[in-house]
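Number of protein chains: 2
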Amino acid sequence: MPHAAPGQVVDVGPLGVELKQEATVALFKGDDLEVMRVVLQAGKSLPPHKVPGEITIHCLEGAVDITSEATSHVLRAGQLLYLRGHALHGVTALQDCSALVTIALKPKE
Amino acid sequence: MPHAAPGQVVDVGPLGVELKQEATVALFKGDDLEVMRVVLQAGKSLPPHKVPGEITIHCLEGAVDITSEATSHVLRAGQLLYLRGHALHGVTALQDCSALVTIALKPKE
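If you're matching them up, the sequences are chains A and B in order. This note's numbering applies: residue 9 is where the first sequence begins, and numbers increase by one. This note's numbering applies: residue 9 is where the second sequence begins, and numbers increase by one.
One should not assume that every hint holds.
The list makes no distinction among identical chains, and a pair is therefore deemed to hold if it is satisfied within one copy or across any two copies.
Below, a list of computed lysine-lysine pairs in the DSSO-like style, where the Cα atoms sit at most 30 Å apart [what the hints assert, rightly or not]:
hint	residue 1	residue 2
1	114	37
2	28	58
3	28	52
4	58	114
Hints listed in this document are in silico derivations from the structure and should not be mistaken for laboratory results.
Could you put the whole structure together from the sequences, leaning on the hints where they help?
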């Protein structure tokens with residue numbers, strides 16, 4: 009999927025029955041923001057990682073555990089959290105899930 | 009509503025029947041990102057405005073017209089777009105709607 013341009017409408021609704029066949033995609037990368045839709049099947053994990061800028065994680069469907077700074081947070085469809093820049097976080101899908109991840113590309117110095 | 013802290017789970021699902029009684033709320037303002045849920049009743053508008061950083065607008069329910077640079081974009085539930093920093097944009101609710109707006113606070117110089 010090509011990256012979206014400014015003003016281009018992107019579908020980010022739940023994938024539903026197609027979730028099993030979908031992979032993580034980058035939706036766009038601008039000057040200040042990058043947005044991707046992360047797809048993770050139940051039981052799969054992303055090992056702890058971090059980025060310089062703040063991020064939001066918005067669960068679109070399913071359920072996902074976000075563990076950061078020794079605390080676990082369960083995100084279900086329709087829930088969002090944000091993490092500070094440089095916050096190490098691990099991600100484990102509790103159910104097949106997709107989530108929008110928005111990353112600030114120009115973090116505070 | 010107090011602002012969310014990092015790692016705090018925030019419900020951003022559709023408001024449904026409560027939409028008529030809700031107002032726009034700031035969900036949090038961090039170092040790099042600010043997120044608000046904008047609620048707009050059918051026919052209401054926000055006059056053209058702009059912010060220095062890039063923004064994403066994610067329609068959670070209803071339908072909203074975003075006009076920027078002489079082009080109209082209709083966003084429906086489950087659709088998202090982004091706009092460049094300093095992009096003048098007007099917003100008109102085509103139906104009662106709510107949308108997540110994410111603003112990059114540290115735009116590219």
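Status of each hint after checking the structure:
For the homomeric pair residue 114 and residue 37, the shortest alpha-carbon distances inside one copy (12 Å) and between copies (15 Å) are both at most 30 Å. Taking the closest pair of Cα atoms, residue 28 and residue 58 come within 30 Å of each other only inside a single copy of the chain (26 Å); across copies the shortest separation is 39 Å, beyond that limit. Taking the closest pair of Cα atoms, residue 28 and residue 52 come within 30 Å of each other only inside a single copy of the chain (12 Å); across copies the shortest separation is 40 Å, beyond that limit. For the identical chains of this complex, residue 58 and residue 114 are neighbours both inside a copy (14 Å) and across copies (19 Å), given an alpha-carbon limit of 30 Å.
Checked against the numbered hints given earlier, this structure breaks none of them.
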